[in-house]
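Listed in order, the protein sequences are those of chains A and B.
The first sequence begins at 1 in UniProt numbering and counts up one residue at a time.
The second sequence begins at 1 in UniProt numbering and counts up one residue at a time.
Simulated from the structure, these hints should not be mistaken for lab results.
Since the model is a prediction, treat every value here as computed from it, not as a measurement.
Yeah, the Cβ is synthetic: ideal placement off N, Cα and C, and Gly gets one too.
You can trust all of the hints, since none of them are fake.
Just the calculated beta-carbon pair ranges, DEER-fashion:
(1) A:Asp102 - B:Arg328: 44 to 50 angstroms
(2) B:Glu402 - A:Arg253: 37 to 43 angstroms
(3) B:Met116 - A:Asp102: 47 to 53 angstroms
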Amino acid sequence: MTEDVLRVNDLSTRFFTTEGQINAVSSLDLRIERGEIFGIVGESGSGKSVTARSVMNLIESPGEITSGEIWYRNRDLVAEVEDDYPDAVDGEFVDLLELPDDLRRSLRGTSFSMIFQDPESSFNSTLTVGEQLAEAVEVQRRASANPRSTRARTREYSLGNYLLSSVLPSQRYVSEASRERAIELLEMVGIPDPVERADEYPHEYSGGMLQRAMIAQALAGEPDVLVADEPTTALDVTIQAQVLDLLDDLQERTGMTILLITHNLGVIARMCDRVGVMYAGEIVERGRLEDVFDEHVHPYTEGLLGSVPDLERAGDRLQPIPGNVPSLIDAEMDDRCYFADRCPKAMETCLEHPPEYDAGGSDRHQARCVLAEIDYEEGRALPADYFGDTERPAGDKHADPDRTEDDVEPERTRSVVDDSGGDRR
Amino acid sequence: MSSGQPLVRVEELQKYFWEQDSILDRLLGAEPVPVRAVDGVSFDIYRGETLGLVGESGCGKSTAGETLLRLQEPTDGHVEFDEHDVYELAGSELTEFRRDAQVVFQDPFSSLDPRMTIGEIVRQPLDVHNVDTVEKRRERVRELLERVGLSADQLDRYPHEFSGGQRQRIGIARALALEPEFLVLDEPTSALDVSVQAQVLNLLDELQAEFDLTYLLISHDLSVIRHICDRVAVMYLGEIVEIGPVEAIFEEPKHPYTEALLESVPRATTDERERDRETISGDVPSPRDPPSGCRFRTRCPKVIPPDDVEIDQEEYRAIMDLRERIERRDISLESVGEDGGFEFVDGAVSETDLPAFVTALKTRVIDRTLAPEHDEVVEEALAELASSNWERAADVLSSRYESVCERRRPELGEESHPAACHLHDDAEESIRR
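Modelling step: build the complete structure from the supplied sequences, incorporating the hints.
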């Protein structure tokens, strides 16, 4: 199983805000193999969720995918689109960004599915869980019956239908078959008594069960690629362990590919075959799990691992990374290694933006850091105050780029991109 | 560290929140329902130590923290701070307590007033308690900001100009303004990224050494607890199930819940995928109607069968789960069996259909084969369900399988590392004799 199912080349996603252009994802390359679990780990504001949403085509204004290609391997899709969009086809691959929106939308659910962080806000609280699953099933069924037209799908949901369904309970499920499939799906994700649970509303579910139901909904269309964006962040540890077991088990049974986005290194270690570490919109280090956890080259990866308190041993002092996640505002980003201002091993060479180097370990191991090529030399180190005030641990203030990104903490999305000056150079 | 008089002594603290308690509910004759957020917890916090309070969401750890600071009025119980009963304090004594005990909240985004500059925020406690002259207060604010790693010339800025980690530092500076002895840290780092979390944890460590602070750290993150606590109390559904020195809790957990918690945390190492994990099933029950006896028994992987019953733990678990569902009447009998199921006449399945009904129901509710003697009892109970006889069905099971875990509430002992679990009863009793 070594064929790539997804090839992302040179993807850039930007947000055009009143504070300036924000480079949430810049020139990102990604190869995901069929049947693997690929993890993206990073702090809030590193661009990991935006990457996921770009793949899903869920970027909304003021965001925009400004360049790049997303090649998706699917022979059926190739056959379907090669006449109309010859430019978008290359062998068995289709460039999703070349396809029109409605076609891309029809891939959602059947080829790509996504589960979100917060199950409580991802369900409609006025419909039963069973109905919402049946709805997903129904959309998939119509999509596969009538793949090219997206209009036909909405025709059956008329206003009359809606009104009827609010008075007649028998009308609530689109069809008996979809109801049964919904119950099957609930059973598949390990919800006890799926028959009873299907008729309950989301508020009657616990957080863990809702997350299971969301996984069921995502799997309704038997997708090739499941994008899981912080699937367990809102859950308690005992429930998190259950949900991770479930995902692992489902992946094994269906052979689907999972792109797992998380800030939790433990979850990455538990689930992933390969992992990419994101920082400031780029993957700074990638490789097999062992490469990144044990043989890491990039000082950021080291800092990230050093920041996690050890559960097995009582703590020495933690080794945090000084400073904060950088601003991603275009005007503030110099053409250098974006981590250099926080890096304990910054050298003169780091003032040039590094390419990805091969970095020992397995042949998949790459790092965007000159240390992969040369050893650290004190003599060439940048003076400690080279970046001025920004070096002072957390004493500076950086813009919080999270306004444009739903990330780890929901509260963060409310915070404002700061524009009141300070240490801007 | 755990010698001498405790600074804070919590005894049988209870905090219930009441539902259906409005005047309208009273007029309609509805009984108020207590939500037992904190249900009789006792612990001591000694001077200079950090006690961790760990548990899943909804277990009452934050409520316990707020109640012992008297930010909530308790339903019952006592809290002594420096040998004074906190709930009896009034006047200047209460004011003094408010100065000596401070709190840092979880969410640095909503716990700072967006319309005040950070200078004003940190100075506010000084103003309220009228400490020193205005000039000295300003000086103190600068000092505090510098101490927590911010720059003093930032004091005219507003909270929104700071990142999460910096705001949490502001919250800490505010809590330190009055030179308290005791700090309740309510999930101080759970809204932060790991690298920033590490900075804040290191800061808290330094401050404790520098100002002789005593901490109560409330957290759901076991690795944070392990990192900075001296002793740990594990809470489940409003009760403390185990308390002891941090090493003992992590190396030799006694309570099955503590074990399960530790097992569930994914480790950030490459061995993680191969690690043998024993996770627990099910969700935390509602604190409105907590299980009798041991509250963890509904999920416990080590629940104790009666002495005279020989049974495999997994089979026992399955039967206990079934019994609970019968007690909750949480099985829809109408949908048993293929298409349309069985016909219920006057709430009962006809005599001829009975064996088929029992078999169909059994495959649905029990997902493993039971040993013959237990199979028999289960079938007997399910046969009662065929005539919608829920109570009889539950009785059949409970008369045979009632566990000590549901009859008696396990007590938390007095020794240095007690666990509230019947598995450890014997040891305790033999010590007493």
